[in-house]
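S.K.: Starting from the structure of chain A, add chain B where the hints point.
There are 2 protein chains.
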Amino acid sequence: MATNNKKSNVTLKVIPLGGLDGIGKNMTAFECGDDMVLVDAGLMFPDDNQPGIDLVLPDYTYVLENEHKLRGIIITHGHEDHTGALPYLLQDLNNKVPIFSSKLTLGFIEGKLSEFRIRAPKFREVKGGSHVNLGCFSIEFFSTTHSIPGALGVFLKTPAGTVVHTGDFKLDQTPIDGVTPDYGALAKFGKQGVDLLMSDSTNATVPGFTKSEAEVGPSILHAIKNAKGRVFVASFSSHIHRLQQICDAAKKCNRKIVVTGRSMLTNTRVARELGYLKVDENDLLDAFEINGIPEDKLVVMCTGSQGEPLSALSRMANGEHKTLSIHEGDTVIISATPVPGNEKAVQQVVNSLAKLGCDVYDKSRALVHVSGHASQEELKLMLALTKPSYFMPVHGEAVHLRAHAALGQKMGVPAKNIFVIDNGDSLEMRDGIVKRGRSVESGVVYVDGLRIGDTDPIVLRDRQKLASDGMVTVVAMLDMKRKKIGDLEFSGRGVSFPIDDQFSADASAAIQRAIEKGKFNFSSSGTDAIRKAVRDALSNYIWNNNRTRPMIIPVVMEV
Amino acid sequence: MATNNKKSNVTLKVIPLGGLDGIGKNMTAFECGDDMVLVDAGLMFPDDNQPGIDLVLPDYTYVLENEHKLRGIIITHGHEDHTGALPYLLQDLNNKVPIFSSKLTLGFIEGKLSEFRIRAPKFREVKGGSHVNLGCFSIEFFSTTHSIPGALGVFLKTPAGTVVHTGDFKLDQTPIDGVTPDYGALAKFGKQGVDLLMSDSTNATVPGFTKSEAEVGPSILHAIKNAKGRVFVASFSSHIHRLQQICDAAKKCNRKIVVTGRSMLTNTRVARELGYLKVDENDLLDAFEINGIPEDKLVVMCTGSQGEPLSALSRMANGEHKTLSIHEGDTVIISATPVPGNEKAVQQVVNSLAKLGCDVYDKSRALVHVSGHASQEELKLMLALTKPSYFMPVHGEAVHLRAHAALGQKMGVPAKNIFVIDNGDSLEMRDGIVKRGRSVESGVVYVDGLRIGDTDPIVLRDRQKLASDGMVTVVAMLDMKRKKIGDLEFSGRGVSFPIDDQFSADASAAIQRAIEKGKFNFSSSGTDAIRKAVRDALSNYIWNNNRTRPMIIPVVMEV
Numbered sequence: 001m002a003t004n005n006k007k008s009n010v011t012l013k014v015i016p017l018g019g020l021d022g023i024g025k026n027m028t029a030f031e032c033g034d035d036m037v038l039v040d041a042g043l044m045f046p047d048d049n050q051p052g053i054d055l056v057l058p059d060y061t062y063v064l065e066n067e068h069k070l071r072g073i074i075i076t077h078g079h080e081d082h083t084g085a086l087p088y089l090l091q092d093l094n095n096k097v098p099i100f101s102s103k104l105t106l107g108f109i110e111g112k113l114s115e116f117r118i119r120a121p122k123f124r125e126v127k128g129g130s131h132v133n134l135g136c137f138s139i140e141f142f143s144t145t146h147s148i149p150g151a152l153g154v155f156l157k158t159p160a161g162t163v164v165h166t167g168d169f170k171l172d173q174t175p176i177d178g179v180t181p182d183y184g185a186l187a188k189f190g191k192q193g194v195d196l197l198m199s200d201s202t203n204a205t206v207p208g209f210t211k212s213e214a215e216v217g218p219s220i221l222h223a224i225k226n227a228k229g230r231v232f233v234a235s236f237s238s239h240i241h242r243l244q245q246i247c248d249a250a251k252k253c254n255r256k257i258v259v260t261g262r263s264m265l266t267n268t269r270v271a272r273e274l275g276y277l278k279v280d281e282n283d284l285l286d287a288f289e290i291n292g293i294p295e296d297k298l299v300v301m302c303t304g305s306q307g308e309p310l311s312a313l314s315r316m317a318n319g320e321h322k323t324l325s326i327h328e329g330d331t332v333i334i335s336a337t338p339v340p341g342n343e344k345a346v347q348q349v350v351n352s353l354a355k356l357g358c359d360v361y362d363k364s365r366a367l368v369h370v371s372g373h374a375s376q377e378e379l380k381l382m383l384a385l386t387k388p389s390y391f392m393p394v395h396g397e398a399v400h401l402r403a404h405a406a407l408g409q410k411m412g413v414p415a416k417n418i419f420v421i422d423n424g425d426s427l428e429m430r431d432g433i434v435k436r437g438r439s440v441e442s443g444v445v446y447v448d449g450l451r452i453g454d455t456d457p458i459v460l461r462d463r464q465k466l467a468s469d470g471m472v473t474v475v476a477m478l479d480m481k482r483k484k485i486g487d488l489e490f491s492g493r494g495v496s497f498p499i500d501d502q503f504s505a506d507a508s509a510a511i512q513r514a515i516e517k518g519k520f521n522f523s524s525s526g527t528d529a530i531r532k533a534v535r536d537a538l539s540n541y542i543w544n545n546n547r548t549r550p551m552i553i554p555v556v557m558e559v
Numbered sequence: 001m002a003t004n005n006k007k008s009n010v011t012l013k014v015i016p017l018g019g020l021d022g023i024g025k026n027m028t029a030f031e032c033g034d035d036m037v038l039v040d041a042g043l044m045f046p047d048d049n050q051p052g053i054d055l056v057l058p059d060y061t062y063v064l065e066n067e068h069k070l071r072g073i074i075i076t077h078g079h080e081d082h083t084g085a086l087p088y089l090l091q092d093l094n095n096k097v098p099i100f101s102s103k104l105t106l107g108f109i110e111g112k113l114s115e116f117r118i119r120a121p122k123f124r125e126v127k128g129g130s131h132v133n134l135g136c137f138s139i140e141f142f143s144t145t146h147s148i149p150g151a152l153g154v155f156l157k158t159p160a161g162t163v164v165h166t167g168d169f170k171l172d173q174t175p176i177d178g179v180t181p182d183y184g185a186l187a188k189f190g191k192q193g194v195d196l197l198m199s200d201s202t203n204a205t206v207p208g209f210t211k212s213e214a215e216v217g218p219s220i221l222h223a224i225k226n227a228k229g230r231v232f233v234a235s236f237s238s239h240i241h242r243l244q245q246i247c248d249a250a251k252k253c254n255r256k257i258v259v260t261g262r263s264m265l266t267n268t269r270v271a272r273e274l275g276y277l278k279v280d281e282n283d284l285l286d287a288f289e290i291n292g293i294p295e296d297k298l299v300v301m302c303t304g305s306q307g308e309p310l311s312a313l314s315r316m317a318n319g320e321h322k323t324l325s326i327h328e329g330d331t332v333i334i335s336a337t338p339v340p341g342n343e344k345a346v347q348q349v350v351n352s353l354a355k356l357g358c359d360v361y362d363k364s365r366a367l368v369h370v371s372g373h374a375s376q377e378e379l380k381l382m383l384a385l386t387k388p389s390y391f392m393p394v395h396g397e398a399v400h401l402r403a404h405a406a407l408g409q410k411m412g413v414p415a416k417n418i419f420v421i422d423n424g425d426s427l428e429m430r431d432g433i434v435k436r437g438r439s440v441e442s443g444v445v446y447v448d449g450l451r452i453g454d455t456d457p458i459v460l461r462d463r464q465k466l467a468s469d470g471m472v473t474v475v476a477m478l479d480m481k482r483k484k485i486g487d488l489e490f491s492g493r494g495v496s497f498p499i500d501d502q503f504s505a506d507a508s509a510a511i512q513r514a515i516e517k518g519k520f521n522f523s524s525s526g527t528d529a530i531r532k533a534v535r536d537a538l539s540n541y542i543w544n545n546n547r548t549r550p551m552i553i554p555v556v557m558e559v
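Each protein sequence line maps, in turn, to chains A and B.
The first sequence begins at 1 in the working numbering and counts up one residue at a time.
The second sequence begins at 1 in the working numbering and counts up one residue at a time.
For reference, chain A alone in the conformation it holds in the complex (with noise of 0.2 angstroms):
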């Protein structure tokens, strides 16, 4: 099962720089000799644990330590999870590496990149069946199916083994574009020889076979043919496979479209322009043009499928969108399923919704939404074609990438030619066998405002602990000469007691007892002592007065 043309001295070392701690910022470097190809430079999305950071990216230092060997950048679709690290990655490395990706994803990240005035990045359309040779790699492409149009798989032959890298894939027999899974190269592939296998993982824990995209139509379009009054449809913007078919479903029940939402605009628009999206000029509206339609004319597409507070849907729940606003008898149909973290943000807008008077459609009411991932028999069926002699889950958290192995190891892989490793941890293959070898730097970078990189631990703790408990600054005049402490001002935020005269008096006189008592050293050398003395006092005298422990601020000047 091993490669022809492999030389005995080469060695393929392959390291995941992320992806493997969550479903987000996939990035993995793979280098050989001389050369390194990258797959995929995403992002992911802050959780609760992170507040106030804008976006996660991967460590990529050690992508940077290599630039030299660089040569090239594969993406493998247009989902920010894979594309969001592409902007800070290229400016680092001054916009110089050639990017390889469908037409689709790259004009998604066109558009990304001229956020950022990275301009004339190096494009490389690529697309399923083409070549590509980039130092020792020898790269085919091969087509998968996946929530988005252009969804590319990649199969790297190098002189020390073989690599199959699936990207996001479910094996979606009914695409709506008719591009199938590229079932011929994969069986291809596993007769070459493929030595590692890394696969996605995100539904190796859901039985079965994940439904065709194809399904969502009919549910689609009956929902529009019930509704007496206007139809809003929430989705992924990129998704453009669903876009289409909520625009045929709104053709065939005689509506116009309306496209809403800052993605939902500029997506469509690239979509549209690149032959992947088709809609007739005619049957679409802007906002501002829809007085005078009858309601049971229109099929509004919007963006905030994920309760997100600030998108179309959700202004339009509340009343709070330039043009048009949801009321009672209005369709909304939810077509998606909330990113986990997400659940409660977009039930409170299905409630919003409801009270409205909505007739609201979710994914637990009709089949208005499918995964765009494989689950357990396709992921069996993508081993049973790859046949692989390694096996590495990557793509998920890690009670996926173990479920993922277990199914590798159902389908005949030995449990000891299976990886499950962490982010920065690295295979190196020599001669088609695969061996661990050693971590290399990595971990998160927060984007932070302008500031990337370097937000400490300690300041999304302190974060944490402001937004629980709230925080009191106490200004100290240290009287250096009568060695006491003068007045004390108070200022707070975020505490459910008032900082009025009372707690002033109180607190002051707290204060002054401990400082008294402690017979402190009123020098500079001792104002240490004396600031931490105060904070103590005051923590102490609010705790017992207020059972809560904000935090305290304690600025002492010398006067």
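Be a bit skeptical, because a hint or two may be false.
Since the list gives no way to pick one copy over another, a pair counts as held whenever it fits inside one copy or between any two copies.
DMTMM-like, lysine to aspartate or glutamate: derived pairs with alpha carbons at most 20 angstroms apart [claimed, not checked]:
(1) K103 with D177
(2) K252 with E215
(3) K344 with D47
(4) K484 with E558
(5) K465 with E308
(6) K483 with E516
(7) K532 with E489
(8) K344 with D48
(9) K465 with D47
(10) K355 with D422
(11) K481 with E558
(12) K465 with D48
(13) K363 with E343
(14) K225 with D296
(15) K355 with D425
(16) K416 with E328
(17) K355 with E320
By construction, these hints were calculated from the structure, which means they are not laboratory data.
M.R.: Showing chain B alone in chain A's frame:
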């Protein structure tokens, strides 16, 4: 369908004070002439929009204002969303009002009240079939089934008409304790005439019939049988029927049972003392007695099914538990479903367990949990049995209440007789005829440390702002004589840029420039304007350099 013993000059007011804006803080006042009874007194747990809040209570001002009428408090069952406001309410009522509930519910309440040092509450134990007269209310209790034993519904007869309040229920034909829902009583009420039905809406969007609790037992037994090492089962500690089935399964597998987690220890003790949980003393071990017991002879029953970071399960998974730690080869069963908002926390625990090499069972893998609430077919059966003239869906979010209202219409209740109302709205019944009444004071009351009630919405907004952007304090000494600002002192928390000498120098310069330009009035009456100018100058300086807007706390002191 109206009642027999009605007098046309009497009005029954039905006033839900909580429970209609989500799952939580259930409380309804029934007021008839000079008599009032309260059904349930629950709390709600805070969500992401209420950072730092400990608990949320319904605003029960109306109850206190009518304290002289209050004849009794009925608690339908022992879940905190039905009992948790009771300690606060009883304190406000000086513990004078009798509490009617089942033995187990009173047992759970007693423990909670003793934590609040509320002694000798006026407990009145009732059960299905009990009759109680409270002023002009003639009340009959009926047994239901729910995810806790001893759940009751109530049939309230008044001179103005009759009401059935279901409490939380499902229609479990094979409950673990053999106490089936009292269909006979419900049919009898239906025959006597139910003017108003108030029914649990939690699962009103779920088609079909909720599975019986008895179906969970075999799945848990199967998982324990197949386990090679220890088995940890996390569940709600009040779910005594679930715990019974876990204990029975452990017994069948010749495994001893260890109980851990504070509420799990308390509730199993109470339930055993009161005869609700039947487990042989010899089969129970203390956590510190397990040395020497083979791993395949142990089942640990623990809290933590919601991913709570301080729960037994999380601590055992993280190696922070006093006596137990989970390791490779252990089996963990999450015998619960995440409460909305807890999905991500639960998933994080599942991932930690997967990383340890545990075999994790959750609802998606096996039938290790079923809901305690009625699905659509059961809700329809409740409507069919009670045949109400009027219907008010209760206990649910907006989307649930509306879905339940739609079921009511399907079952023949005219749309105009169905009331989907808000907390604090009221219904008025006279001669069995129900109309909308006037609204009363209502809303939410926050418990934040020792403070109850007056947490300002601004406090919560400030906490969210602090969490997302952090804060910077600036202390400015105003030299009133020279009419200028002296040294500035900066201090920050939760900001990702360093507050170092460079920052202090540059920010000071920016502030000084703004003050010089502003030509401020350096007198006591001018300090507010100077404070604002300092804040704005610092905020702009930080925005220009970092593109973030932390909260600025300016303190100006005159010297």
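S.K.: Hints first: check each against the structure and report whether it holds.
M.R.: Each hint tested on the structure:
no. : hint           : result
1   : K103 with D177 : within (14 angstroms within a copy, 63 angstroms between copies)
2   : K252 with E215 : within (16 angstroms within a copy, 46 angstroms between copies)
3   : K344 with D47  : both (13 angstroms within a copy, 9 angstroms between copies)
4   : K484 with E558 : both (11 angstroms within a copy, 18 angstroms between copies)
5   : K465 with E308 : between (24 angstroms within a copy, 17 angstroms between copies)
6   : K483 with E516 : within (10 angstroms within a copy, 34 angstroms between copies)
7   : K532 with E489 : both (16 angstroms within a copy, 17 angstroms between copies)
8   : K344 with D48  : both (13 angstroms within a copy, 9 angstroms between copies)
9   : K465 with D47  : both (16 angstroms within a copy, 16 angstroms between copies)
10  : K355 with D422 : between (45 angstroms within a copy, 10 angstroms between copies)
11  : K481 with E558 : both (10 angstroms within a copy, 19 angstroms between copies)
12  : K465 with D48  : both (13 angstroms within a copy, 14 angstroms between copies)
13  : K363 with E343 : both (12 angstroms within a copy, 17 angstroms between copies)
14  : K225 with D296 : within (9 angstroms within a copy, 58 angstroms between copies)
15  : K355 with D425 : between (50 angstroms within a copy, 15 angstroms between copies)
16  : K416 with E328 : between (60 angstroms within a copy, 17 angstroms between copies)
17  : K355 with E320 : within (16 angstroms within a copy, 45 angstroms between copies)
This entry satisfies every hint, going by the numbered hints stated previously.
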